[in-house]
Amino acid sequence: MSRVVVFVLGTLWALQLRAQGPRDKTEIGNILDSWHKAAASAEFDAFFNLMTSDAVFIGTDASENWQLEEFKAYAKPHFDKGRAWNFKAVERKIYVNDKGDYAWFDELLDTQMKLCRGSGVLRKESGKWKIAHYVLSLVIPNEYVSEVILMKQERDNRIIEDLIKP
676 MSRVVVFVLG
686 TLWALQLRAQ
696 GPRDKTEIGN
706 ILDSWHKAAA
716 SAEFDAFFNL
726 MTSDAVFIGT
736 DASENWQLEE
746 FKAYAKPHFD
756 KGRAWNFKAV
766 ERKIYVNDKG
776 DYAWFDELLD
786 TQMKLCRGSG
796 VLRKESGKWK
806 IAHYVLSLVI
816 PNEYVSEVIL
826 MKQERDNRII
836 EDLIKP
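All residue numbers for the sequence shown refer to this note's numbering, where the first residue is 676 and numbers rise by one.
Check each hint, because a few of them may be wrong.
To be verified - The calculated lysine-lysine pairs, modelled on DSS-like cross-linking and capped at a C-alpha distance of 25 Å, are:
#1 Lys763 - Lys700
#2 Lys789 - Lys763
#3 Lys751 - Lys712
#4 Lys840 - Lys763
#5 Lys803 - Lys774
#6 Lys763 - Lys805
Because the hints were derived from the structure by calculation, they are not lab data.
Turn these sequences into a full structure, and let the hints steer you where they fit.
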């Protein structure tokens with residue numbers, strides 16, 4: 676009898692975990708959409724409340740690798756103007772780990788810079804998903820890569836030299 680109870684409880688627990696994955700993905704998608712909307716409508720607190728206290732934001736420039744407080748300092752003047760930036764996901768993939776406490780994603784974005792890619796990590800804190808790490812990248816068609824390299828190589832070489840100095 677006790678084996679049957681253990682089996683039934685184990686099965687129910689496994690089914691509950693399996694059902695949690697799609698709910699988490701929907702919730703995460705809604706959080707990312709809300710985060711982007713908060714930026715578009717310059718809602719500073721709403722935007723940053725969706726991030727962890729140790730969040731990192733990496734922008735498109737090599738110098739843009741910000742801890743949360745640095746990112747807030749960068750973003751504040753943009754939000755104060757009444758509109759920060761406007762990103763809309765046109766494609767998104769979300770993945771959740773087996774424990775259900777971490778998720779990662781990638782998204783193709785329609786932005787003022789045209790197509791960009793966002794990717795990142797969310798962490799569940801006190802039952803709520805929060806953005807812990809976000810990377811924004813420009814999307815460059817392969818046939819234009821050589822031209823882009825020519826445009827940025829001199830600056831990139833200076834940055835590399837500065838970074839590898841002893």
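Quick rundown of the hints versus the structure:
A C-alpha spacing of about 17 Å is found between Lys763 and Lys700, which places the hinted pair at or below 25 Å, so the restraint holds. The suggested pairing of Lys789 with Lys763 holds, with an alpha-carbon distance near 10 Å, which does not exceed 25 Å. Note on Lys751 and Lys712: the hinted pairing holds, with a Cα-Cα distance of about 16 Å set against a maximum of 25 Å. Distance hint between Lys840 and Lys763 is unfulfilled; the C-alpha atoms sit about 39 Å from each other, more than 25 Å.
Between Lys803 and Lys774 the alpha-carbon distance is near 14 Å, which keeps this suggested pair within the 25 Å criterion. Taking the CA atoms of Lys763 and Lys805, the gap is about 19 Å. The hint holds against a cut of 25 Å.
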